[in-house]
Amino acid sequence: MSSNYRSFRKSVPWLILFLETVFIILFYFLFSGYNASISNISYTDFQDVNNMVIFGFGFFLAFLKRYSFSSTGFNLLIIVLGVQCSILMEGLLVLLLREAKEGDLKIITTAVVSMTAVVISSGAVLGKTNPIQLIVMTVVEVIVFQASRWINKRFLQVPDNISMMHVHLFGAYFGLAVSSRFSEPSPRSEKNASTPKSYLLSMLGTLFLWVFWPSFNSVLADADKTKAIYNTYFALAVSAVTAFTLSVLTTMDGKFRMTHVHSAALAGGVTVCYAAESIDYPWIAMILGLLASLITILGSFCLQRCLNPALKIHDASGVHFTFGLPGLLGAVAQVVLLVIKKWTVLPSLGYVVMIYIGAFCLTISVALITGFITGLILNFKLLKIIPVSKYFEDHFYWEVSFRVKLTMWEYI
Amino acid sequence: MSSNYRSFRKSVPWLILFLETVFIILFYFLFSGYNASISNISYTDFQDVNNMVIFGFGFFLAFLKRYSFSSTGFNLLIIVLGVQCSILMEGLLVLLLREAKEGDLKIITTAVVSMTAVVISSGAVLGKTNPIQLIVMTVVEVIVFQASRWINKRFLQVPDNISMMHVHLFGAYFGLAVSSRFSEPSPRSEKNASTPKSYLLSMLGTLFLWVFWPSFNSVLADADKTKAIYNTYFALAVSAVTAFTLSVLTTMDGKFRMTHVHSAALAGGVTVCYAAESIDYPWIAMILGLLASLITILGSFCLQRCLNPALKIHDASGVHFTFGLPGLLGAVAQVVLLVIKKWTVLPSLGYVVMIYIGAFCLTISVALITGFITGLILNFKLLKIIPVSKYFEDHFYWEVSFRVKLTMWEYI
Amino acid sequence: MSSNYRSFRKSVPWLILFLETVFIILFYFLFSGYNASISNISYTDFQDVNNMVIFGFGFFLAFLKRYSFSSTGFNLLIIVLGVQCSILMEGLLVLLLREAKEGDLKIITTAVVSMTAVVISSGAVLGKTNPIQLIVMTVVEVIVFQASRWINKRFLQVPDNISMMHVHLFGAYFGLAVSSRFSEPSPRSEKNASTPKSYLLSMLGTLFLWVFWPSFNSVLADADKTKAIYNTYFALAVSAVTAFTLSVLTTMDGKFRMTHVHSAALAGGVTVCYAAESIDYPWIAMILGLLASLITILGSFCLQRCLNPALKIHDASGVHFTFGLPGLLGAVAQVVLLVIKKWTVLPSLGYVVMIYIGAFCLTISVALITGFITGLILNFKLLKIIPVSKYFEDHFYWEVSFRVKLTMWEYI
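Chains as they are written, first to last, in this note's numbering: chain A, 460 to 871; chain B, 460 to 871; chain C, 460 to 871.
It is possible that some hints are incorrect.
Because identical chains cannot be distinguished in the list, a pair is counted as satisfied if it fits within a single copy or across any two copies.
[Unchecked claim] Straight-line alpha carbon distances no greater than 30 Å define the calculated DSSO-like cross-link-like pairs of lysine-lysine that follow:
(1) Lys-714 / Lys-849
(2) Lys-840 / Lys-801
(3) Lys-800 / Lys-840
(4) Lys-650 / Lys-840
(5) Lys-800 / Lys-714
(6) Lys-469 / Lys-801
Hints are computed from structural coordinates only; laboratory data are not their basis.
So here's chain A without its partners, still in its complex pose (with noise of 0.2 Å):
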């Protein structure tokens, strides 16, 4: 298997470069030139997306004792790639649609913050997918984000900052579909533990994450950015608060624990993302904050004793209990919060619900179905899985010098 896989390695390259050339070829027809029209995004909002992405998810992902080179590493590979293809994506609804063209602040922003939904989906996967697999399936997510959005847009009028919003559901449950085609790891097996310095590692990211977690949700907003950047902090601060309490509800002795502090803090911002701008009041967003935190660690318990082993899944960083289960209760959350305050106002708000209802089931659906058929084309011979033993092996993929793994992977 390993010879196999080393004699594969050897097309990886050109695989990649092949990618790349045909991305330049794409952007040479496509995009004839720079479009500075005006939007509502600047570059400083752009910097901070595209630092949650880069930085704060590649050392999140980073907290397993043996993986922190490919969580970082990769996290970066699959970032670049697919912002290049969501934007070629972007370029050819235009041509072939006849959309009208956004800016290029516009285009590329929406193109990485698009890519956290890639970015959830391999942390289901986390070290347990080799580079080409991890490749196909950016290239395949963007693609079929992309349509479920457009989907949405063109036929059930979902706002476009709304529908880029279902990025946390998608990432997750394509990426849970995905897993579950993938062998788990043998449970006596350490090799997917993690170490205080690598929890530390991952907390560096989620710091990094909580703090720019407002830029991310008010980032394409329409109309009232300020808003949803309140909006967000409050949920960010109580889902913090109650990530802690709930953590020594759960654990045994009444100890912290580190998971989660890292998915429970995130929750809050997770959850009031589609509701952002539209909440008036901090306390909705506290509520929600609260509730989320609370989904989060309860699921993180319900889900990986019952579910998960049922469904035979999976879920190498929790991002089920972590973005799944939190995005859900922000759609419904946003459902509820429209019916409320539009009771008496508007005549169809039936139809409204069943518009906002049917968008994020829809996406749910096309994420567990292109998911569970990426995970079957990522079985495929042709694409190699490496072995069980390999999981969570840096030195599979990374020059590692053994001498110093011995030493340094052994002790810490």
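Guided by the hints, dock chains B and C onto chain A, whose structure is given.
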């Protein structure tokens, strides 16, 4: 004791949840919607300060080898609680005293800036407090600091942005007074030691703080933000240079000491905070930076040998010489600069000088007295002080798998 | 030798203090107040560049297992000294040559950007210079680089922002010339090895640099900042992809090498810096990014095997292929793009081309000659070169407690 603490631990989450519920209810009554009035604070300014407090201070305090989880984690916890508390205080002031309501971004930014006091105080008792004690300290300190600022503003007519800059002084002396009520760790204990890796984490936080300090000093500036930025940058630059110089002079065999660089490189920013807006020439800021660094390193030399043992204070992360003394120097420097500048112009100079001196004396006195009382409260049986033998131990609060702990903590 | 060094060390701080005092006095005479003239540089732009230089480069260079204190610490020291020196040079030019005075933010930003040259040069001699040598090198390099820019501007009429982008070329070749005067470390020595943890720290710095590079290339741009941002982003994206690809192709058994990713992912940003403002199509930037990555990885392959041993140069952190060769490619690319674009328009094309080629040839020549001379000066008995056996050792300069050192440095 340990079993006591465990039974106590079960009540911890309910206390936090209760507090959070009270906060949400108060938010419901006090904030009837967002107030998007224009202020001269941009989201980027807020983001810089937020980044400093959450990320910068979190890692700045992560220099203890076995306490990095708690340093970064509890830092997040107390800040998110404190920010909510501080915003509520502001709302109460508006409600009860009919003060003018400020823009939301200004309120949140002010809350985040004032959390620096709590973070500095938590540095003074780093490793010696349990989460409940930290939370009680946070709530008390936020309330007292707001009250002290309000007195400054109302009775001494100190401008808002100057009274805010007392945050370093208040934090340091409050923390010192609190820490005087905690027993010292055994001098032979090596638990509160640092390793090169933990110093490096702390360096990461320090560099973050260093880079964003000009934002901190200028964020609440009224008139001349750019001048505040330049002066802070120059003061920081010179104090970084001086930190290296004096470190060589004060250590045994002429080597650099990492803690000197950490604290003295930031001293310039602390010192110049009062006068940042009013200094007209870079060389004045530079001299202040030099003096700040000097006072920090001499302070670290003298305090640790003479004053602290005499007063039986164990200042766990040296907040006295990192924030206290440079803050004092800055307050004095502001007065001196004012006297020089307005020597001929102002007839009532003496009165103004008295006001400024009164303001920081009052701040320090309030900090010392309330800090001392808080220290007493924190040592009530109810708040169950942890045994000295468990100081500086992450695994007392966090799930750290024992096997990993043994290899990890022992060898690093 | 060691005792020699120790006695010498006692004079170190006085030298730095003397330098700092001279700086403050010069600031007193040269800067008679702040000049808040409007420029197209915002504080956020400056902050991004400041962050890159202090934080990004500090950790980018922290890849040696025993030299991370010095990498991050001395980086801060030389930058703060160099920035002051660079600002003073600007002030002297205004005073002596009656040049127009620029806005303060422009002056400080220019100073921080030009420090990149010094940081790159310090990378070439990383681990081999003592602090005094570094400071002397910094002061000399800042003065020579400013002079070289002034010649470019005055006699070759090169625009300010283009002459500034010679910073990579200048830094790399100056550093290489300096490093040619330092003896090579023993090839069997393992002191200049890296560990996975130190590579990860370096990855942290690299990702920071990668994210903020578009700010770096656009900060001094005159006309079209956004175009500079897009082109840099696309070039960086493609060079990151290519870095992974070529790394697999050039290593023995088809694995990724971390150093390849570190240097080649940034190469696109270096290459595109000259033409960032004038490239009209993303695909051109992308091709430049691809070529930059190619030249970096091939360069790292060829230089380390052929050229460096032949010339007896030990390029400690590969600045030749990380910054030198991509910079060269960028300078050539700029000329080629100019020729293609203005083929028919400009009658005096030949003259313009000669000017551009002249500018970068002059820069490289000045860098090589002055670097060589600086290397000679640094090896004077007076500046007491450290013994080769003490290269790459933090504990030669920093207090690292021996007990910790043994366990820490040996096992990690």
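Verification of the supplied hints:
1. Lys-714 / Lys-849: between (33 Å within a copy, 14 Å between copies)
2. Lys-840 / Lys-801: Intra 54 Å, inter 52 Å, cutoff 30 Å: neither.
3. Lys-800 / Lys-840: Cα proximity of Lys-800 and Lys-840: none, with 54 Å in one copy and 49 Å across.
4. Lys-650 / Lys-840: For Lys-650 and Lys-840, the Cα distance is within 30 Å only inside one copy (25 Å; across copies 44 Å).
5. Lys-800 / Lys-714: neither (41 Å within a copy, 57 Å between copies)
6. Lys-469 / Lys-801: neither (60 Å within a copy, 43 Å between copies)
Going through the hint list in order, the structure does not satisfy hints 2, 3, 5 and 6.
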